[in-house]
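For the protein sequence lines, the chains are A and B, in the order given.
For what it's worth, the working numbering labels the leading residue of the first sequence as 710, then goes sequentially.
For what it's worth, the working numbering labels the leading residue of the second sequence as 109, then goes sequentially.
One or more hints might be untrue.
Among chain B residues calculated to face chain A with C-beta under 8 angstroms, some are [unchecked claim]:
#1 ALA162
#2 VAL165
#3 GLY168
#4 GLN173
#5 GLY236
#6 ARG238
#7 PRO240
#8 THR242
#9 GLY268
#10 MET270
#11 VAL272
Stretch by stretch, here's where chain B covers chain A in the computed footprint (C-beta under 8 angstroms, at least three residues) [to be verified]:
#12 1049-1056
#13 1062-1076
Derived by calculation from the structure, the hints in this document are not laboratory data.
Ideal Cβ placement from N, Cα and C applies to all residues, glycine included.
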Amino acid sequence: MTGEKAAPKCRKVMSAAIPTQSETLTLQAALPLDCGRSLDGVQVAYESYGKLNEARDNAILIAHALTGDQYVASPHPITGKPGWWVRMVGPGLPIDTDRYFVICANVLGSCMGSTGPASLDTDGNPYAMRFPVITIRDMVRAQVALLDSLGIKRLHAVVGGSMGGMQALSLAANFPERTAAALIIASTARHSAQNIAFHEVGRQAIMADPVWRGGDYYAHGKGPEKGLSVARMAAHITYLSEAGLTDKFGRNLQDRSEKTFGFDADFQVESYLRHQGIAFTDRFDANSYLYITRAMDYFDLAEEHGGMLANAFAKSDARFCLVSFDTDWLYPTAESRHIAHALNAAGKPVSFMELSAPFGHDSFLLDVPALDRVIEGFLKQ
Amino acid sequence: MSALRPDLAVIAQNVAPGSSVLDVGCGDGALMLALRDERGCDARGLEIDPANVAECVAAGLSVIQGDADTDLAFYPDGVVDYAILSQTLQTTMRPRIVLEELLRIGRKAFVSFPNFAHWRVRLSLLMGGRMPVTPQLPIAWYETPNIHFSSIDDFRALVGEMGVKVEDAWFLSGNERRSAAAANLRAEHAVFLLSK
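With the sequences and hints as input, model every part of the structure.
This is how it looks when you write it as structure tokens:
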């Protein structure tokens, strides 16, 4: 960790099951941004697993989701929980660290060591809302700069779920020479009105919290936890399926036998969401949430390429694989199919499949054996 | 290629080496693997069953989950040397449109299908008076995915009407070839190579 960040405070957990390198790169050159501004001294915090081979062609970049981080297969320094994709990344696993050099970088705008709104501006104060509005492509620019510093000209593959899938698409489209394959899971080539609407609810919840103070809460020692927690609660609903919620909670009451005729968390689902919201505020910066959701809302890969999604991939010679889940209503199958059709129209080698899994959007993080087989097979070529 | 289904083996032997193919209804990818590994082809697939698609991708093939009736429209004109439709035509909603699409996407098309006028089928219907359930057509009428049966002569008539050129044709009974002359009675399967 950089130590210069105002929030959050991190402690390092040393008990990694898989040997992990934790590094922070400081970019020497200013990072140009889509908004027209540029950022000096950008830091990119990343974890890596496995060894880069002599040909430097066995690297896999994993791009994380909105509230994810670089701790893909190592314990989270704040929560102490195992990495978010330990079921997929490790020795002998589908993303095999005995075989591949696996990199995962905290995205630009986030709060786990890479430069974001909580980082210090040149005047020594946190950027807060002075941080430029960034895009998915800006996040990818930072990752490409990381690849440059590691001497990796061309990835074996870029892999990502949800917002990670957007980065994988953006990298393959905007830096076509940098990857031989792109694996995009439960993602989309553009945010829909519904996607933007849910994000706006979250942002308004944060900004309506008086503790937010126009983003300048860092000096006060406490962030807009209420607002951030509500934002997380609303978002969390979109990550689950209706059937999944019903199976898990139904209308069951929480530690009580009758309704209280009040506004406590009578229902288990309320209690669960409140817990999810509060736990989230321990590890995430509210301004980062604003900036990253904005980047996702601005994402429209076709718009960047003259309105034709097929044109986005014109220069790519990568293999593509798209996976959706039948219960994901956040980025439903139609979005992945739309990308597959565009790749087809561009004549690119593309696979696409909708897997059946009960967990909604979060299926990409959970136990779906068919996904393991697909990822392993796709990466092995 | 000996492990391939007989109609697929015919197709695999007659695709020009190094060509590009789209296998529509590619199943578990057996033909695509043979074309890729033994003929050096650039093979892509379209398959409706997600379990089959997952198996293909796990085997390193590029396959899209989709429906021949709706998803062929998303392929550009002349994007492959061959469009292949094996044992799938009879399951489509609009076989004629699917054939037109194959010849739009591919410069040539291989089409294989079961012959509904094979003598065993005729006999079964004639003697039993029931929709035939034969080794080649083992599923009862109410469960079969086959909704548009044709005979070899029906198919010849359709492609004639469409102005499509028959470049070649193979007629099979199990692993054995049958001559074109008596094919409509004696062949269980037919493979046609078509061009516009």
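Verification of the hints:
1. ALA162: B:ALA162 check passes; min Cβ-Cβ to chain A is 5 angstroms, inside 8 angstroms.
2. VAL165: Because about 5 angstroms separates B:VAL165 from the closest Cβ in chain A, which is inside the 8 angstroms limit, the hint holds.
3. GLY168: holds (5 angstroms)
4. GLN173: holds (4 angstroms)
5. GLY236: This hint is violated: B:GLY236 lies away from chain A, its Cβ roughly 39 angstroms from the closest one there, beyond 8 angstroms.
6. ARG238: violated (36 angstroms)
7. PRO240: violated (34 angstroms)
8. THR242: violated (33 angstroms)
9. GLY268: violated (31 angstroms)
10. MET270: Status violated, d = 25 angstroms.
11. VAL272: Result: violated, 24 angstroms to nearest chain A Cβ.
12. 1049-1056: Coverage by chain B holds for the segment 1049-1056 of chain A (5 residues, Cβ < 8 angstroms).
13. 1062-1076: holds (count 4)
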